[in-house]
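Trainee: Chain B: place on chain A using the hints.
From first to last, the protein sequence lines are chains A and B.
Here the first sequence stands for residues 1 to 112, where the numbers follow my numbering.
Here the second sequence stands for residues 1 to 326, where the numbers follow my numbering.
Hints are computed from structural coordinates only; laboratory data are not their basis.
Careful, some of the hints might be misleading.
[Claimed, not checked] A few chain A residues facing chain B, derived, Cβ under 10 Å:
#1 V5
#2 Y7
#3 S8
#4 R9
#5 A11
#6 T14
#7 A18
#8 R32
#9 R48
#10 R50
#11 G55
#12 D56
#13 S87
[What the hints assert, rightly or not] If you anchor each label on the Cβ, the simulated ranges turn out as follows:
#14 B:E242 / A:R61: 53 to 59 Å
#15 B:P80 / A:E51: 42 to 48 Å
#16 A:S21 / B:L127: 28 to 34 Å
[Said to hold, decoys possible] Computed footprint of chain A on chain B, listed as stretches where at least three residues anywhere in the stretch have a Cβ under 8 Å from a Cβ of chain A:
#17 89 to 99
#18 131 to 142
Model, not experiment: these values are computed from the prediction.
Glycine is no exception: its CB is placed at the ideal position from the N, C-alpha and C atoms.
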Amino acid sequence: MLLVVTYSRQARETLRNACRSHEETVVRRFGRAALLRETEYGAFLACRLRERHGGDVQVERTEPFNEFADAPESVREAASAYENRESPNTPYDRFAAGTAHPTSDAMREREL
Amino acid sequence: MSGRGVDSGGKVSESAESDRTGGPAEQHFCVRLPNGSIEEGPVVDLRNPTRSEPPALALTRAIRSGCPTRRDAPTVHASPPGRTHAHVARLEHDTTIRTRPALVAAAADLGVETSHDDDLAAALRALRALSPAPIDDAELREARRRAADAGAETDRLRERAATVRGQVTALREAAVDDATHPSDPDESLAEAEAALSDVTRQLSAVATERVAAAQRLRLLERQARSARDQRNARIRLEDRVENCRRRVRTARVATVSDAFDAARTELRQRIDHGALADCQPDLLDALAVARIAPIRAPVLVDGDLADALGGPDAAFERLRAPMLIR
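With the rest of the complex left out, here is chain B:
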């Protein structure tokens, strides 16, 4: 396993403690500014009243996306940002942070292992191996429509047949009564009998169609049902994956929360509150996250904040993160 160990109490172990910041090589970076000048460091102070600094957004974008960049944009060569970086990419007076996701990311970057990792991996493997049979929804819909149409048509013809049969019966009875005057009734009777045989033929054809349509629908529904059994398995697995992820996140946060609290307490004491009028809780959280996570790509630190931390070198010492100060 390449990750760092966690002891049974759910803490980052000693070996992790010693190398949890990115090593010096990992924290080295260089930045090329649009004016052509190149600065190197784990700490680069861009504050210079004689030249214009690139906007903060251009810098964070350059850190995130690496090379190549446009000629008029700054370029940063640095280690790829880890998962935590996005949470602490800009540290300034009004920094906001979602602390819990940031701690989850920090623990992930630290390589923290949890007792739920294997469960999660197994659930993900099972989910990948599952490919539910497709359900041809259009075909099913067509089969439903055909069955319904055939049913309605059968009912209509059945009614019509009953009516015509009634007419035929009436005409036959009339013909018997008027046997002495064979005239119009005969003709009407022949017409009605023709109509009856016609409607009977249609009815039998439609009834056959109805049976066929019903059979076809039953078959497709049976297939859909067995395909749904697999979908049932899939949604259960998806839920299992989600539950595992939740447990992994909780365990990760639990693992780093002591270190985070300690870093936060220490940073609060070290910040020169004279230089930084009021340090928002979010900023303090972000600083503590940066401190405990292995930050390899530079973060952008506000000049006043760097001063409040005791100047560029002291700020680097406190946060253990490569930084661009502006």
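In isolation and in its complexed conformation, chain A is listed as follows:
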């Protein structure tokens, strides 16, 4: 999908108007961002916004996140174990200490 984020009031207004009049192309609308369907028309709207508002418009192409393909097993297991922890108030790093789970700092440093 195409993620369009706006960074000025004018750009936000244009995006709102575009979303109102092209509902079929809008997958989801947030405050000043929207997810557009990945069709030529979605690209057309994104290009128009970029043309009119330049640097105040950010367009990203998103794709579904597949944790089995995109994230290492250690991360998946850590997430699953932490969400199933017994005491809900334990912060992650205390939970991970002394286990094989990676520390939060280590995960922050490693790119996917």
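Mentor: Showing chain B alone in chain A's frame:
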């Protein structure tokens, strides 16, 4: 603070009540008509059957813009019109008014303070202090185009290289098979090998360009991202300013609404409905706004309306606003 105080209930305080109309000096004005005559007052009645009056538009323009004016246009020397003036500049039978903005303006002219003023000032200061780094959109666009072109060119050359490599392999195999008849194949093989080395060289150059273009695009995008963080802060501040303004407006209206309702009720009772067949709600609103706001520059009052208010002096008494009657 120079503004007038508001007590905790959100009303104009006693001291404000006593001096909320412009003082006599502030309400004094003089008007010079195109025929050279000069009239002074807080009240000037221009109704005179023996001479032609300047058109209402020329008068309101003269009140708004002061001096100098053209010789054939009237000139008005008066205090500068405040924010409310524009809302009540012409009072006549079919006057229309947007009451809420007029009340906001009236409260502002009265110097009403609200509990949101400091918030608003702080948000405006923060907004002024913020200058988001520019994003060079043309440069980014160029970098995107270069990266895309280099990518497409690499793909094209990669395909071409595969084709040529296939040809070379086939020709080499043929050359081995036909080793006893070395003729054309050799020449074709040499040509194909030359083509392969050519396309390989091009491919390596384009691949280098592709890497460079991708790096450049990544760098520019990183810069744009950090510039957008500041824009993010700016749009949040702009929203905060707008919310503060809305709250200030609401508070201002709330502060003057009792006085406005009282003035409206009183004026409705005082208007001679015999002289003014039907007094539209808009006109009544406008009269009440004029009454509660400190009007310093003259407003233009229709003659019939002045009569319905009891004549020029009574009209001045009721509206507490300097006026030109025509």
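Trainee: So, for every hint listed, does it hold in this structure?
Mentor: Consistency of the hints with the structure:
no.: 1; hint: V5; verdict: 8 Å, holds
no.: 2; hint: Y7; verdict: 4 Å, holds
no.: 3; hint: S8; verdict: 6 Å, holds
no.: 4; hint: R9; verdict: 6 Å, holds
no.: 5; hint: A11; verdict: 9 Å, holds
no.: 6; hint: T14; verdict: 13 Å, violated
no.: 7; hint: A18; verdict: 17 Å, violated
no.: 8; hint: R32; verdict: 7 Å, holds
no.: 9; hint: R48; verdict: 14 Å, violated
no.: 10; hint: R50; verdict: 8 Å, holds
no.: 11; hint: G55; verdict: 3 Å, holds
no.: 12; hint: D56; verdict: 7 Å, holds
no.: 13; hint: S87; verdict: 36 Å, violated
no.: 14; hint: B:E242 / A:R61: 53 to 59 Å; verdict: 32 Å, violated
no.: 15; hint: B:P80 / A:E51: 42 to 48 Å; verdict: 44 Å, holds
no.: 16; hint: A:S21 / B:L127: 28 to 34 Å; verdict: 31 Å, holds
no.: 17; hint: 89 to 99; verdict: violated (count 0)
no.: 18; hint: 131 to 142; verdict: holds (count 5)
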